[in-house]
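Given the coordinates of chain A, assemble chain B onto it according to the supplied hints.
There are 2 protein chains.
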Amino acid sequence: MADMSEPAAPIGTRIIRSFHAHLYFRTTEERERAMTLRDQIGERFVVQLGRVHFVPVGPHSAPMYQVAFARNVFDTLVPWLMLNRDGLPVLVHPNTGKSLDDHVINALWLGDPLPIRRQVLTNDDDAGSSPIEPNTKPVVSSA
Amino acid sequence: MADMSEPAAPIGTRIIRSFHAHLYFRTTEERERAMTLRDQIGERFVVQLGRVHFVPVGPHSAPMYQVAFARNVFDTLVPWLMLNRDGLPVLVHPNTGKSLDDHVINALWLGDPLPIRRQVLTNDDDAGSSPIEPNTKPVVSSA
Numbered sequence: 000m001a002d003m004s005e006p007a008a009p010i011g012t013r014i015i016r017s018f019h020a021h022l023y024f025r026t027t028e029e030r031e032r033a034m035t036l037r038d039q040i041g042e043r044f045v046v047q048l049g050r051v052h053f054v055p056v057g058p059h060s061a062p063m064y065q066v067a068f069a070r071n072v073f074d075t076l077v078p079w080l081m082l083n084r085d086g087l088p089v090l091v092h093p094n095t096g097k098s099l100d101d102h103v104i105n106a107l108w109l110g111d112p113l114p115i116r117r118q119v120l121t122n123d124d125d126a127g128s129s130p131i132e133p134n135t136k137p138v139v140s141s142a
Numbered sequence: 000m001a002d003m004s005e006p007a008a009p010i011g012t013r014i015i016r017s018f019h020a021h022l023y024f025r026t027t028e029e030r031e032r033a034m035t036l037r038d039q040i041g042e043r044f045v046v047q048l049g050r051v052h053f054v055p056v057g058p059h060s061a062p063m064y065q066v067a068f069a070r071n072v073f074d075t076l077v078p079w080l081m082l083n084r085d086g087l088p089v090l091v092h093p094n095t096g097k098s099l100d101d102h103v104i105n106a107l108w109l110g111d112p113l114p115i116r117r118q119v120l121t122n123d124d125d126a127g128s129s130p131i132e133p134n135t136k137p138v139v140s141s142a
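Chains A and B supply the protein sequences, listed in that same order.
When the letters of the first sequence are read in order and numbered with numbering that gives the first Met the number 0, they come out as residues 0 to 142.
When the letters of the second sequence are read in order and numbered with numbering that gives the first Met the number 0, they come out as residues 0 to 142.
This is chain A alone, in the form it adopts within the complex:
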């Protein structure tokens, strides 16, 4: 029998299919910064820019837009957001097929974390499993 006091084996990152970043804005001024940032992201990264939600939707407690991206974009986009998010709170979460865990446990935050409405999430759905369909054509280096 396995010794139940042994720590669980680490989870391999291959379960991550893609990532989502959510860029939040809470005021008119933040909204303007968020829109500037959205253009700058589109000019620099191969991502799927989602439409802008001016009211909170789903698990999100503030207006935001989503940036969906493939695993190989993580190491350029996330450091760039660290330097350029301009005071906006940003949630970055993996998509492993478990929406609740991905938004609440597996997530990282740049800036102040905002509340997540967990009651609309489950681990049984397959949200976030759609392949990324980039809609940007970068023209500027992010380095």
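Take the hints with a grain of salt, since some may be wrong.
[As the list claims (entries may be wrong)] Pair ranges (Cβ atoms, derived):
(1) A:P130 <-> B:V51: 20 to 28 Å
(2) A:I10 <-> B:P133: 22 to 30 Å
(3) A:D125 <-> B:S140: 19 to 27 Å
(4) B:T26 <-> A:P112: 32 to 40 Å
[To be verified] Sample of chain A residues lacking proximity to chain B, with all beta carbon distances greater than 12 Å (derived):
(5) L48
(6) H52
(7) A61
(8) P93
(9) R116
(10) T121
(11) S129
(12) I131
I should point out that these hints are in silico values taken from the structure, not numbers from a laboratory.
C-beta atoms are modelled at their ideal positions from N, C-alpha and C, and glycine is treated no differently.
Just chain B now, with coordinates in the frame of chain A:
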């Protein structure tokens, strides 16, 4: 004259020399998990594992250890920590030569952000500029 209402140009990521992760523990139980995690990181990633601080040091408000790593480790280590931090708060910050900004503005958090003692940080020092000297020999894939 430049139009001062124009947004500032984005900052290129080339100013990032390296990254630090700080893994915090606040209880005996968290300390045990942190030690397990430290071994697991050393088995999987080429990083510089720092010594364990059992009392808060510098800008850190809880016991922790540091994991210093090169830019090219970001996209394997950070997603792995997202899945495996086991409830511990983790600070990841770039090293750009501005310690205060790097810990407070440019940082990201996995789990609950902890207070940072900003009064011991400045943007004038050159902390974090030392080259990474890995002291691990990975034997396991993180994927």
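Quick rundown of the hints versus the structure:
Evaluation of the 20 to 28 Å hint for P130 of chain A and V51 of chain B yields a failure: the beta carbon distance comes to about 42 Å. Remark: the range hint 22 to 30 Å for I10 of chain A to P133 of chain B is upheld by a beta-carbon distance near 23 Å. Between D125 of chain A and S140 of chain B the CB atoms are about 26 Å apart, so this pair conforms to the stated range of 19 to 27 Å. Against the hinted window of 32 to 40 Å, the Cβ-Cβ separation of T26 of chain B and P112 of chain A comes to about 21 Å, which falls outside the hint.
Non-interface status of L48 of chain A relative to chain B is upheld: no Cβ of that chain comes within 12 Å, the nearest being about 16 Å off. Even its closest Cβ contact with chain B, about 22 Å, leaves H52 of chain A beyond 12 Å, as expected for a residue assigned away from the interface. Its beta-carbon lying about 17 Å from the closest one in chain B, A61 of chain A satisfies the requirement of being farther than 12 Å from that chain. Under the 12 Å C-beta cut-off, the non-interface status given to P93 of chain A relative to chain B is violated; the minimum distance is some 6 Å.
With 12 Å as the threshold on Cβ separation, the claim that R116 of chain A sits away from chain B holds: the shortest Cβ distance comes to roughly 18 Å. T121 of chain A, annotated as away from the interface, keeps every beta carbon of chain B farther than 12 Å; the closest lies near 19 Å. Look at S129 of chain A: its CB is around 19 Å from the nearest CB on chain B, clear of 12 Å, so calling it non-interface holds up. No Cβ of chain B comes within 12 Å of the Cβ of I131 of chain A; the nearest lies about 15 Å off, and the non-interface call holds.
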